[in-house]
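The listed protein sequences derive, respectively, from chains A and B. Heads up, the first sequence is in this note's numbering, so the first residue is 1 and it goes up one at a time. Heads up, the second sequence is in this note's numbering, so the first residue is 1 and it goes up one at a time.
Please keep in mind that the hints were generated in silico from the structure rather than gathered at the bench. Remember, it's a predicted structure, so these values are computed and weren't measured experimentally. If a hint is listed, it holds; no wrong ones were tucked in.
DEER-style ranges, computed between Cβ atoms:
| no. | chain 1 | residue 1 | chain 2 | residue 2 | range |
| --- | --- | --- | --- | --- | --- |
| 1 | A | Trp-8 | B | Leu-98 | 41 to 49 Å |
| 2 | B | Ala-177 | A | Leu-28 | 53 to 61 Å |
| 3 | B | Val-129 | A | Ala-142 | 36 to 44 Å |
| 4 | A | Glu-57 | B | Leu-98 | 29 to 37 Å |
| 5 | B | Leu-38 | A | Thr-83 | 22 to 30 Å |
| 6 | A | Ala-56 | B | Ala-31 | 51 to 59 Å |
| 7 | B | Ala-297 | A | Val-20 | 55 to 63 Å |
| 8 | B | Leu-66 | A | Glu-57 | 52 to 60 Å |
| 9 | B | Leu-30 | A | Ala-115 | 49 to 57 Å |
| 10 | A | Arg-66 | B | Pro-97 | 21 to 29 Å |
| 11 | B | Leu-66 | A | Trp-8 | 17 to 25 Å |
Stretch by stretch, here's where chain A covers chain B in the computed footprint (C-beta under 8 Å, at least three residues):
| no. | region |
| --- | --- |
| 12 | 15–28 |
| 13 | 87–99 |
| 14 | 109–118 |
| 15 | 125–132 |
| 16 | 149–160 |
Ideal Cβ positions, reconstructed from N, Cα and C, are used throughout, including at glycine.
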Amino acid sequence: VRPPLPPWAPLAWFALLAAVLSAVVLVLAPPPGHLDDPDPAQQRDGLLRSGPVVAAELLGVRFGSRPVLLLFDRNAPSAEQLTSYVDGLPDGSAVRLVLPQEPERDLPVPVVVDAAGRLAEAVGMPEPVDGGFPVGYAVVDADRQVRYATLDPEYLDNVFGARTIVGAVR
Amino acid sequence: VSSALSRDRQAQAYRPLRSRTLLWQLAVVLAAETVLYLVYAGVDSHFHYATHLLVGLTALSAWQALFLLVAARPARFQLLAVLGFHLWAMWPDLVFPLGVPHHRWMDWVALGHVSSHYLPGGDAGWLVVALAASGAYALLLSRWLHVRAAEVAAGLPPAIGVGGAGVLRPQRDPRRAVLAHESFGPVTAEPLVLLHGLGATSTTWVPTARRLGEAGHGCLVPDLLGFGSSMRLGTVFGLDAQAEAVLRLLDHHGARRAHLVAHSWGCVLAAAVAARAPERVARLTLVTPTVFSDVPAARARFARRSWLARATLEDAPAAGLVCGAMCLLRPLLARLAPRLEPDVPPDVARAGVQHSFAAYADALRSMWQDNPLAEVLRRPPRPITVVLASADETVLPRDVLDLPPAPAVEVVEVTGDHGVAYTEPALMAELIGARTGST
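Using the sequences and the hints, build the whole thing.
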């Protein structure tokens, strides 16, 4: 009829748990990289927002007739990467690649050169740790309202994120 | 019955803490959490993994602590629940790749899934919160184990299902302490002993005993094991344990034998005392005794009248949880009780929540399992008077009359309902006093 555990057992379990959790949080979770948001909570939080409303046309990009996915990068990805990425989006998605300088080659999506970062400012793109041009994406819906804007240095590998947001605002 | 119940309770209470149970759960949790971590890390989201794990752990610790305090035993799946609560906190991330973005309302159904990211300090903040919560639960569980081990070391079965203070303090040994009681009048070698009913305390009989005492009859009015001021006395509350406690009360006062007066379920106990030690009983006066000529019909009637009674008899876990929650809220409920039961004297209404679930459950079961009252009424070992109430809807007069009792049993029918023992103290004192010999 004795209890199956001695009274010190829960405290020993707790000590083990504290060690493991501390390791998970403090060791395994890496600090933000230079392209990440200084506050990790703000990066890829998946939350569909009711952000600012952008102008009907900005740097040649027309907003308002359908959702627009703006991809921000510092250098042009390869054509193959972009093709694969666009193939992972809902059919008919309007995609624009925003770069700080002209690409050196033709790409399968329209490119917007925005060295001054006007588009990034208009959609409220977060500023990365190094303060440079953002790498990530923003989604503007058919009512020209910004629904999502996040840094994502691995955006080409994480197409599911843009697919979900674009699919939700169509 | 009492020892079997005790064994069942122990087995049920200790099952979540068995080493084998904990080890397989640990293996499952470690494997599943590793997979989850790799999935998050694979999409560069270590941060989101840790936040939801820590939030889930915090909520789980709060739940397990509350369960231990309410049910007076550890919750099931102590370790597997870590995974369960983590999945609860993170499920919006699972449906996100399926095309469902996060919305604010998900805070309400996913342990603050959206807002939890914005705690100051981020994951370090959550680490502190989660460790504080799980540390508090570990201390509580450690204390519970220590207290149960202390009871076993004292030769008692561990108190399982004794909520409130019983979670953190050992129950006292009823072999070494006498039932809490009040005495009225000159207590001699043959006093009146007035036994209360289920979910009641000595307050049932105090006004009657006071009148009897003033008339020169010595009275002892105990709180039975697990009830009222005897709430911390004993760890099992079956009829055997209760009868022994009543006999020890007589020994304590040097009483050779007693005139047992009982109300409702207390009559079952009085019959158990008479059956166990007839030489210690001079007479029985049974007021609205819980004995039934048609047991299935009466049991169905009880079940209809009280959800808690039905759930307890069916061993539904919800019964212990509801009763345990009432234990935690006892001071508040005791204040509210007189308003909720305006027809009941305020002291009696307040006493309605002064008991542990284990005591309530054992008393309730003893009405339906091995209830000795019918046999005692058919073959009375001592003179018996039965008082029935004409408007009693708990024990219908025909429940008793159709047994039928032996011709030697005196049956008195009075106007009133099941609570006549506490609503008509003058009448009770007159009836009892007239049937009490030398006191």
